[in-house]
Amino acid sequence: MKLLIFPLCSLLLVLTVEQGTSEENSTEETSKGQSLIATGSSPEETSRVTPLRWSSDGDITMKGPHDLHQLVLTSHEGDGKKDVTAIAGFSVEPSGIVTVSPTGLIRVIGNGSATITAEFAGSLLSRAVKVNQADEQLPISFPNEIVPIFTRHGCNGGGCHGKAEGQNGFKLSLLGYEPQDDHGYLVQEGLGRRIFRASPTHSLILLKASGELPHQGGSRLARSSDDYKTIVRWIRQGLPYGSDGDSPVTRISIEPRERLTRAKAVQQLRVVAHFSDGSSKDVTRIAQYEANDEEMAIVSDRGLVAMQERTGSTSVMIRFQEHVGVFRATIPLGVPVDNLPSSDNLVDQHIFTKLRTLGLPPSSLSDDSTFLRRATIDIAGRLPTLDETDKFLADTDPEKRTLKIDQLLASTDYADYFAGKWAAILRNKRTSAHHARGSFAFHSWIRNSLHHNVPYNSFVRQFVAASGEVGNNPPVIWYRTVKDSKEQLQDVAQIFLGQRLQCAQCHHHPYEKWSQDDYYGFEAFFSKVGRKPGAQPGEEVIFNKIGVASAKNPRSGRALPPKPLGGKELRLAQHHDPRDSLADWMTNEDNPFFARMLVNRYWKHFFGRGIVDPEDDMRVTNPPTHPELLDALAQSFVESGYDLKGLVRTICNSTTYQLSSDPNEFNLDDRQNYSRFYPRRLPAEILLDGINTVTNAKEKFSGQPQGIRAVQLPDDQFTKESYFLSVFGRPDMNSACECERADDVNLAQALHLVNSTNIRNKLASDNARAALLVKNTEFSDEARISELYRRAFSRTPGPEELNVGIRYLNRKRTPADPSTLSEEAKKKQRSPEAIAREPYEDLIWALLNTKEFLFNH
Amino acid sequence: MLTIAAQKGQAFCDGMTRRGFLKIGTLGLGGASLPQILRAESKTQLKPLDHKAVIMIFLAGGPPHQDMWDLKTEAPSEVRGEFNPIKTNVPGIEICELFPQMATMMDKFSIIRSMVGAGGGHDAVQCLTGRKPQGPQPPGGWPSIGSVLSKLSGQTRPGVPSFLGLSPKCKHDQWGDPGQSGFLGPSHAAFSPFRGGGKKDMVLKDISIERLADRKALLNSFDNFRREVDHSGAMEGLDTFTEQAFGVLTSSRLARALDLSKEDPKVIERYGKGTEKLTADGPWKRLDQFLMARRLVEAGARCVTLGFSRWDWHGGNFKRAREDFPLLDQGITALVEDLHNRGMDKDVSVIVWGEFGRTPKINKDAGRDHWPKVSTALLAGGGMNHGQVIGSTTRDGGEANSRPVEFPEVFSTLYHCLGVDARRTTVNDLSGRPRFLVESEHAPIPELVG
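Line by line, the protein sequences are chains A and B.
First residue of the first sequence: 412, per my numbering; consecutive thereafter.
First residue of the second sequence: 201, per my numbering; consecutive thereafter.
Treat the hints loosely; a few may be bogus.
What the hints assert, rightly or not - Below, computed lysine to aspartate or glutamate pairings styled on DMTMM-like, alpha-carbon distance capped at 25 angstroms: (1) Lys371(B) - Glu1132(A); (2) Lys351(B) - Asp1177(A); (3) Lys400(B) - Glu1211(A); (4) Lys405(B) - Asp1177(A); (5) Lys405(B) - Asp704(A); (6) Lys416(B) - Asp1192(A); (7) Lys416(B) - Glu1244(A); (8) Lys416(B) - Glu1198(A); (9) Lys416(B) - Glu1211(A); (10) Lys1111(A) - Asp406(B); (11) Lys405(B) - Glu1211(A); (12) Lys400(B) - Asp1154(A); (13) Lys371(B) - Asp1154(A); (14) Lys574(A) - Glu641(B); (15) Lys351(B) - Asp1024(A).
Stated by the list, open to error - Derived CB-CB ranges, DEER-like: (16) Gly622(A) - Asp307(B): 55 to 61 angstroms; (17) Glu282(B) - Pro944(A): 32 to 38 angstroms; (18) Pro944(A) - Thr273(B): 50 to 56 angstroms; (19) Glu282(B) - Ala946(A): 53 to 59 angstroms; (20) Gly320(B) - Ser855(A): 34 to 40 angstroms; (21) Glu410(B) - Phe1190(A): 23 to 29 angstroms; (22) Pro300(B) - Asn579(A): 41 to 47 angstroms; (23) Ser408(B) - Ala946(A): 16 to 22 angstroms; (24) Gln916(A) - Gly320(B): 27 to 33 angstroms.
Hints are computed from structural coordinates only; laboratory data are not their basis.
The beta carbon of each residue, even a glycine, is placed where N, CA and C say it ideally should be.
Sequences and hints are given; from them, build the entire structure.
See below:
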């Protein structure tokens, strides 16, 4: 009995699902009725007088009974644009061809031509639509229509069936990048148990996905959804993969691509897939959406973006097959911005334009003390000396900031600081005692290059295509730490091109266009790096092996010749070093990655946040906050002949860089528009050096000259050696990413600053600042406190701060009433010198523990 | 910044409801204001335990599995060893006579006799991360379980680090390894009071408490830089941690947890003292660190690792065993008994193991040499099924005879007991690639958690 009823019921279900409209769709589509307005006016006439616009022009052509088309309707109001898709009324004339849902989705009813008219606030806009083949079941393409469904619902994600070994026995290719494999998994694997052709809705795949059978992943596909119905149709059609004649998708486009909008506003998106034969198809309902910052905007699976309360710029990532696109939204605050000085600085032009657009007034210009401290830390990696501070504050030259920047850039301190920065990501590691000569030489080579301002393109070429041995060509050391050709390609791509290719080693990059072929084609550049023993133990000679450069893609088994990212495969002679060709391509002025990566890295150095952030992850789906600025900086950098010091000058001379970190009443929440300076904790080395200068202490590092500053240390060894440096996050140089440097704060740091013997010794030694101050009896307490302030903060103390200091000194010098002392304190006899010194030690200790000292602000 | 929510997103496709993690900001406390934190601290009650935790006891050097919990009475004399087995309170399970206390409460322990996949080197990597020390490493290295918990869940309470390592700094550095933070970075490193500057910094010794108070008052009046200007949370975090540092130096939860004078003398006596002297180039034999571990977990730590003695007995195996086995017996039984007495046994997992086992054949110096082929692990608490032996070894104790267990399976089990589905949870490495905590072929050990 049961057996008999079961198939019948399912048959009914199939019919209902296929022919009826789902609940969701029926409410959506019938609520407005079929004929709303018939205007009689022609499309040309209406568009001339209305402020309404469609997101794309031209007639709409739809094919087959299941084709969908998302309308996006914009109302132009003054300068602004507003998405009115969901609040406009739509009517169709004649009826029986298509319906338009209140959200602007067109569905097919029958063949023929019709006119869709939108009405909003008294304005009308029409558009012709033509439907063909409405009565035919068009063959479904598995890669273009079925696989995107799995991606969209997370089935083939890395946490589920997309994992290398699948989930509970069922595997799909990660994010559907291998549709051929997926077809096999679904149709053939497990003796075809996942599909039930006789009764499609009883296919295991659908019973699981819809939650009718227990599914660890829960209910993912509603039976009433279009996606569910598409799979049912595909099964009924006999599980086609699609024919060889099917055109692949070459790109997707997003409508609109960007929008200046408002908090709490919405924006409907339309996504179109373009095929290699020139045709296109609306894929709004099968694309996948992901918001980059859900505090600013969220997005539904139908491509409806809802802005939140926060103002600024944000983006939504759209994925279809291996193609990705981005929608950018800017949500202005809308306050009049009238405090912007005129500036011919490149940085300011772009930053100010954006601030005006956003209506976000910037903070005021920083004072001289703040500027001096900030620029000296960021350019020279140290605090200003007492002398520098005094001179700079007294200087009345209006050009003194520009002059100071030049002075700092010319000093060797600049080279010291930036050499450390580069040494870390170039992984200047010393893993054995034999490595010291190499790591010291490499550091020194970097430092010299920076000091002499070797053009960046030539700096990179010398090192990427380095051959020889450390004695005559120190950059070969990079090949010592970064041994494997995969690591080499990954590091080069990440450091110099901002492309993180690691993902593409095992599968298509999930957020980028890079395939495994791109990865191994890039690896081929490093396939001929030869090594033989060098002059001294632990050293090597790097040379170019004779032979054909190639790397094998393990999936296809194909040996790939060298291929630049996004470029064509290169055929190189056997004796040719492919790394030379790589350097040619990288440093070509048209390279889309090279200059942009560098300017973005330097931008982050000075502003604490990249225009693209993280700075070395410049993928399509991680868009810049200021794309025009990034392009302009890159262009100017190329035009300058890759002048690194020139770039620093451009950045540091900008008003933007010199803004105060103090917020005004509007920009406290700003984190990406540079309306004020964003403070950040001093890096480990600068902090240690800074403490040493203020306390007049010297650091000892093994094998290094006495008094060397931490910022000058050449390799990773000293992080292990110094508890201070490791606890404050100096990197171990394990990675090509600057993110390895920790800049946060933790309890161990706080304890070390507050209570370590290390810091105590710096404060209390006989040569320490406190002792020196006390020894010099000519100075008043005021003068001494002022000196400390100028040393620590590059500013003079305010009257109240002076008072606090003097009150403290006086109180501590007054012998305490014995009755108030603890037994322990009574036991400790203090010398007169200690009595004089100790209050100063306390004072210095307090200054060193303030946020004003510990931060660059 | 204050998020009190279960993890969301597509990483978990199984729809499992999972314990929501209490996470306060990325800095542990960055999001809450200082008064809020202090209020939170004063209101927080210590009992009952409202989080899950793991205590890992590392037997540095590789303990002799066949002399402890897998006696080979039928093996030839050059293998058998000097000790006799005794019965335990679980019928059928026998262990070495030098663990008499454990024998009376075997129902609260499980023994894995067939750990396989150890490396040959003297390091704690596989015990702390579940990853092979010699295998491919992501840049920065694999993070240890404590760092992962710190990353995933943050601190349970202000003032107590999520992850603590009680090991001292040893001459052979890996034997005092509290567990590296690997690619998760120093923010999630173990707080190690007995290594480096950690412990020294925690004890006020150079200046008096009055002077510290003076300094603090002075700092408060100088430190008027507005912390709101910083959105990274670092400034606010700094204030919080500075405040905590003062707390540690005067009297706070962390200091209290490490200060055993606050403990019931009877309990202290039950744990015993052991010795603070370092065992050659290995860790010490302190028994009070077992008690500290419990107190730290009670105070809010999620992971406490500790090293106990040095087990690299190439010579004098039996002589040293007679010294160390009874101490270990006392330490772990005191700990497990204490956890049960306090109702913490369901929430706190305990694991005892070393980097590898020892050779079946006794060498000329009455020692046993390195033997990575098979080793042993002892588990307790964590809500696991106890009173069982998992796996067995061959007649000479040289190889796994049945049910070989890999290190990552133990990690999968520990994470499971901590409320984390390790095979579906990821943390991002330095290149932004999500890494599963444990690869998916390593399910939690069904005998223990089934």
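So, going through the hints one by one against the coordinates:
| no. | hint | in the structure |
| --- | --- | --- |
| 1 | Lys371(B) - Glu1132(A) | holds, 15 angstroms |
| 2 | Lys351(B) - Asp1177(A) | violated, 43 angstroms |
| 3 | Lys400(B) - Glu1211(A) | violated, 35 angstroms |
| 4 | Lys405(B) - Asp1177(A) | holds, 19 angstroms |
| 5 | Lys405(B) - Asp704(A) | violated, 48 angstroms |
| 6 | Lys416(B) - Asp1192(A) | holds, 21 angstroms |
| 7 | Lys416(B) - Glu1244(A) | holds, 23 angstroms |
| 8 | Lys416(B) - Glu1198(A) | holds, 22 angstroms |
| 9 | Lys416(B) - Glu1211(A) | holds, 18 angstroms |
| 10 | Lys1111(A) - Asp406(B) | holds, 22 angstroms |
| 11 | Lys405(B) - Glu1211(A) | violated, 32 angstroms |
| 12 | Lys400(B) - Asp1154(A) | holds, 23 angstroms |
| 13 | Lys371(B) - Asp1154(A) | violated, 30 angstroms |
| 14 | Lys574(A) - Glu641(B) | holds, 11 angstroms |
| 15 | Lys351(B) - Asp1024(A) | holds, 21 angstroms |
| 16 | Gly622(A) - Asp307(B): 55 to 61 angstroms | violated, 42 angstroms |
| 17 | Glu282(B) - Pro944(A): 32 to 38 angstroms | violated, 51 angstroms |
| 18 | Pro944(A) - Thr273(B): 50 to 56 angstroms | holds, 55 angstroms |
| 19 | Glu282(B) - Ala946(A): 53 to 59 angstroms | holds, 56 angstroms |
| 20 | Gly320(B) - Ser855(A): 34 to 40 angstroms | holds, 39 angstroms |
| 21 | Glu410(B) - Phe1190(A): 23 to 29 angstroms | holds, 28 angstroms |
| 22 | Pro300(B) - Asn579(A): 41 to 47 angstroms | holds, 46 angstroms |
| 23 | Ser408(B) - Ala946(A): 16 to 22 angstroms | violated, 58 angstroms |
| 24 | Gln916(A) - Gly320(B): 27 to 33 angstroms | holds, 29 angstroms |
Hints 2, 3, 5, 11, 13, 16, 17 and 23 from the earlier list are contradicted by this structure; the remaining hints agree with it.
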